[in-house]
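Student: As a plain string of letters, each chain reads:
Protein chains: 2
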Amino acid sequence: MRVNDHLATMPAGYLFAEIAKRVRDHEAAHPGSPLIRMGIGDVTLPLAGAVAKALAEAAMDMTTPEGFHGYGPEGGYRFLKELILRHDYAARGVHLEEDELFITDGAKTDTAALQELFAPDALIAVTDPVYPVYVDANAMAGRLGAYQDGRWQRLVTLPVTHENGFMPQLPRHRVDALYLCLPNNPTGTVLTRTQLQAIVDWAREKGTLLIFDAAYKAFIQDPDIPQSIYELEGAREVAIECCSFSKTAGFTGVRCAWTVVPRQLMGRMAKGGDASLNAMWKRRLGSKFNGVSYPVQRAAAAVYSPEGQGQIRQALAYYQQNAALLLKALSDTGCEPVGGVHAPYVWMKTPGGMSGWAFFDYLLREAQVVGTPGEGFGQGGAGCFRLTAFSTLEHTREAAARLRAAINKL
Amino acid sequence: MRVNDHLATMPAGYLFAEIAKRVRDHEAAHPGSPLIRMGIGDVTLPLAGAVAKALAEAAMDMTTPEGFHGYGPEGGYRFLKELILRHDYAARGVHLEEDELFITDGAKTDTAALQELFAPDALIAVTDPVYPVYVDANAMAGRLGAYQDGRWQRLVTLPVTHENGFMPQLPRHRVDALYLCLPNNPTGTVLTRTQLQAIVDWAREKGTLLIFDAAYKAFIQDPDIPQSIYELEGAREVAIECCSFSKTAGFTGVRCAWTVVPRQLMGRMAKGGDASLNAMWKRRLGSKFNGVSYPVQRAAAAVYSPEGQGQIRQALAYYQQNAALLLKALSDTGCEPVGGVHAPYVWMKTPGGMSGWAFFDYLLREAQVVGTPGEGFGQGGAGCFRLTAFSTLEHTREAAARLRAAINKL
Numbered sequence: 016m017r018v019n020d021h022l023a024t025m026p027a028g029y030l031f032a033e034i035a036k037r038v039r040d041h042e043a044a045h046p047g048s049p050l051i052r053m054g055i056g057d058v059t060l061p062l063a064g065a066v067a068k069a070l071a072e073a074a075m076d077m078t079t080p081e082g083f084h085g086y087g088p089e090g091g092y093r094f095l096k097e098l099i100l101r102h103d104y105a106a107r108g109v110h111l112e113e114d115e116l117f118i119t120d121g122a123k124t125d126t127a128a129l130q131e132l133f134a135p136d137a138l139i140a141v142t143d144p145v146y147p148v149y150v151d152a153n154a155m156a157g158r159l160g161a162y163q164d165g166r167w168q169r170l171v172t173l174p175v176t177h178e179n180g181f182m183p184q185l186p187r188h189r190v191d192a193l194y195l196c197l198p199n200n201p202t203g204t205v206l207t208r209t210q211l212q213a214i215v216d217w218a219r220e221k222g223t224l225l226i227f228d229a230a231y232k233a234f235i236q237d238p239d240i241p242q243s244i245y246e247l248e249g250a251r252e253v254a255i256e257c258c259s260f261s262k263t264a265g266f267t268g269v270r271c272a273w274t275v276v277p278r279q280l281m282g283r284m285a286k287g288g289d290a291s292l293n294a295m296w297k298r299r300l301g302s303k304f305n306g307v308s309y310p311v312q313r314a315a316a317a318v319y320s321p322e323g324q325g326q327i328r329q330a331l332a333y334y335q336q337n338a339a340l341l342l343k344a345l346s347d348t349g350c351e352p353v354g355g356v357h358a359p360y361v362w363m364k365t366p367g368g369m370s371g372w373a374f375f376d377y378l379l380r381e382a383q384v385v386g387t388p389g390e391g392f393g394q395g396g397a398g399c400f401r402l403t404a405f406s407t408l409e410h411t412r413e414a415a416a417r418l419r420a421a422i423n424k425l
Numbered sequence: 016m017r018v019n020d021h022l023a024t025m026p027a028g029y030l031f032a033e034i035a036k037r038v039r040d041h042e043a044a045h046p047g048s049p050l051i052r053m054g055i056g057d058v059t060l061p062l063a064g065a066v067a068k069a070l071a072e073a074a075m076d077m078t079t080p081e082g083f084h085g086y087g088p089e090g091g092y093r094f095l096k097e098l099i100l101r102h103d104y105a106a107r108g109v110h111l112e113e114d115e116l117f118i119t120d121g122a123k124t125d126t127a128a129l130q131e132l133f134a135p136d137a138l139i140a141v142t143d144p145v146y147p148v149y150v151d152a153n154a155m156a157g158r159l160g161a162y163q164d165g166r167w168q169r170l171v172t173l174p175v176t177h178e179n180g181f182m183p184q185l186p187r188h189r190v191d192a193l194y195l196c197l198p199n200n201p202t203g204t205v206l207t208r209t210q211l212q213a214i215v216d217w218a219r220e221k222g223t224l225l226i227f228d229a230a231y232k233a234f235i236q237d238p239d240i241p242q243s244i245y246e247l248e249g250a251r252e253v254a255i256e257c258c259s260f261s262k263t264a265g266f267t268g269v270r271c272a273w274t275v276v277p278r279q280l281m282g283r284m285a286k287g288g289d290a291s292l293n294a295m296w297k298r299r300l301g302s303k304f305n306g307v308s309y310p311v312q313r314a315a316a317a318v319y320s321p322e323g324q325g326q327i328r329q330a331l332a333y334y335q336q337n338a339a340l341l342l343k344a345l346s347d348t349g350c351e352p353v354g355g356v357h358a359p360y361v362w363m364k365t366p367g368g369m370s371g372w373a374f375f376d377y378l379l380r381e382a383q384v385v386g387t388p389g390e391g392f393g394q395g396g397a398g399c400f401r402l403t404a405f406s407t408l409e410h411t412r413e414a415a416a417r418l419r420a421a422i423n424k425l
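Chains as they are written, first to last, in this note's numbering: chain A, 16 to 425; chain B, 16 to 425.
Hints in this document: simulated from the structure, not taken from any laboratory. There may be inaccurate statements among the hints.
Said to hold, decoys possible - Distance condition first, Cα-Cα at most 25 Å in a straight line; then the derived DSS-like pairs of lysine-lysine: (1) Lys286/B - Lys297/B; (2) Lys343/B - Lys424/B; (3) Lys343/B - Lys286/B; (4) Lys36/B - Lys297/A; (5) Lys286/A - Lys343/A; (6) Lys36/A - Lys297/B.
Taking the hints into account, I'd like the entire structure generated from these sequences.
Tutor: Next up, the structure:
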């Protein structure tokens, strides 16, 4: 059997697998070492009671002839779609139709699969540092060419740095698609309405598709920062949006997300003529996916109940408090922490220009704190480091103290 | 944005969407018409109590700090993997390692995604008629060339017919991959151990990968018919196997499945050298998927409890009884029904050489019974028709009588 060379020769492992390996090695060498994990962006607070109750009730409903649900409607159940359309969009002045919204099992799955819409030789751009999934999915499909000296031959990377205030400089030449994650993973930074409008305007002018990953939007504290790309004028003609219940409502282990593909969104076929991305995505899901678990969709619907909303806001406030603690502890270390306000991530420069992996190993050894080296997110992350707010308050306090001490020791 | 022409120009809709449309049109024209649905292969019996209870309990566990689960281990939780390895494999003399097994959200998702392992120009073979997903997924990736006169230019189709006893004639030339579904969807037929060994031997000789879809294996009633491809000698070197809880345990709306990719399985890179398909699949899942819902994995584990096994065997027996009823009713109509013993599907010739779609429309009008036209499964299905056993006993009895009457009227 002749294999896909692009997949067979993918460099190194997935970032978090490499972190897990180094942590395992450390633990084997230092059994009983009191590690604090701020590496992977996984939530830690228990699932909201209202959500769990809805999941459990839907499970028991399935044991009755009336309550049983087999294959669901393509794109998700109406009861969930209506709630999302009302709370996440109409409430912010964005009016979408039901068939523009597709319920799926995760924003990772979706942001990885959306490249199937693109021409094989489409030119892709990402901000750098970047959530690795966008790059890996395109690389596996062969769209990025060869990997040489830590770079993909055919990938356009737009640095987002302390120096440019984390606003990418938009290329003058045309790219087919640009992935944007806002609030950003890994930097925790956001863009203002004006900055985001400039990107939408640029995309319209160039004919570039924006893949807008809003997985962290629930953390936004400033009402003027857009939570949906469709709050921006003209965005429906250029943007696909991916959202998730993972960070909003602690669904990392429950699995539910959605993607919006507006009807206005058109692409160009090589053989000439326009193609509807909504129709393409619908066709793709219909042929390659069988929907999200019915009880899980019921659980997601409970996120919007008054009780669910109350419990979820509490959890978000808890993580936001953790992020604020980290920011404060790092503020006068010279590491220039950013993020941590509208996002659960704090992004910092490593002390003394260490590499991210060197700082990772140093922190693991000296402070027993696990973070994520910036290099794991691309060359633009070199010399930077990510910490997450998804720990307990007690652990975050302890980690903040250990981090300060370890940095000051250098 | 330049799009994927192969996806943008996919012919017609997905089969079941077309059926749903014709049924909707019929219902709009004849409101209150007492339809019996035997078209889509969706289960109808309520979820087993033991399974629902496990799902509900896991949901409530998630509300406690000790019981909360976020992202799960790549490839699935050990508690579920161990049960599958023991009950589905070791009990039949097949010994697999934990890292050869990957828990996912559906066999449809998996059989659609596995083509990502193949070279862009890999030559694909399917039996014909065929479950459309194998073909569609490869077509969307551009591997099948153009669609002309109802055929894909670069797809090798191996007819399985009443005439050849539903055993495909294996090509003399090499193909890169052959998809096999056994018990078969749509024909409901199985192959003997000897026939299946001949296919494995051929695959070893030619260097062909077998994608073995065993989604219906729970229906097998004859202990000598293989339930896993790995019961055959040498299969580990040539076969990937996809299984599902959907039909085994009524999980069409719950979503859990698994795929086995043995470590021995190697492919050939275009640039030379071998590549491990297990490593490639692991990398692919790690980068593009975030695992199956934790409560759903707990529900799947409950399928193997003594209580779960008892409830599930009852449901299977119920569907098997329905299938037997259909077979009997059609036995002397001249339609040569097959399947329906080791599978929930009965496959038949249409009366008087009608096309499958013509017979579909005729049955909808005359008998208010919804089936699936053979053409929906490829040209090899022309003039044939599929009925499913996933109805209630009462509806199946009624449908069997109506079917006989409608056929005899012709």
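Student: Confirm or reject each hint.
Tutor: Status of each hint after checking the structure:
1. Lys286/B - Lys297/B: 21 Å, holds
2. Lys343/B - Lys424/B: Satisfied, since the Cα-Cα distance of roughly 18 Å is no more than 25 Å.
3. Lys343/B - Lys286/B: 56 Å, violated
4. Lys36/B - Lys297/A: Judged against 25 Å, a Cα distance of about 16 Å means the pair holds.
5. Lys286/A - Lys343/A: It is violated: about 56 Å lies between the C-alpha atoms, which goes past 25 Å.
6. Lys36/A - Lys297/B: 15 Å, holds
In the structure shown, a violation is registered for the earlier hints numbered 3, 5, in ascending order.
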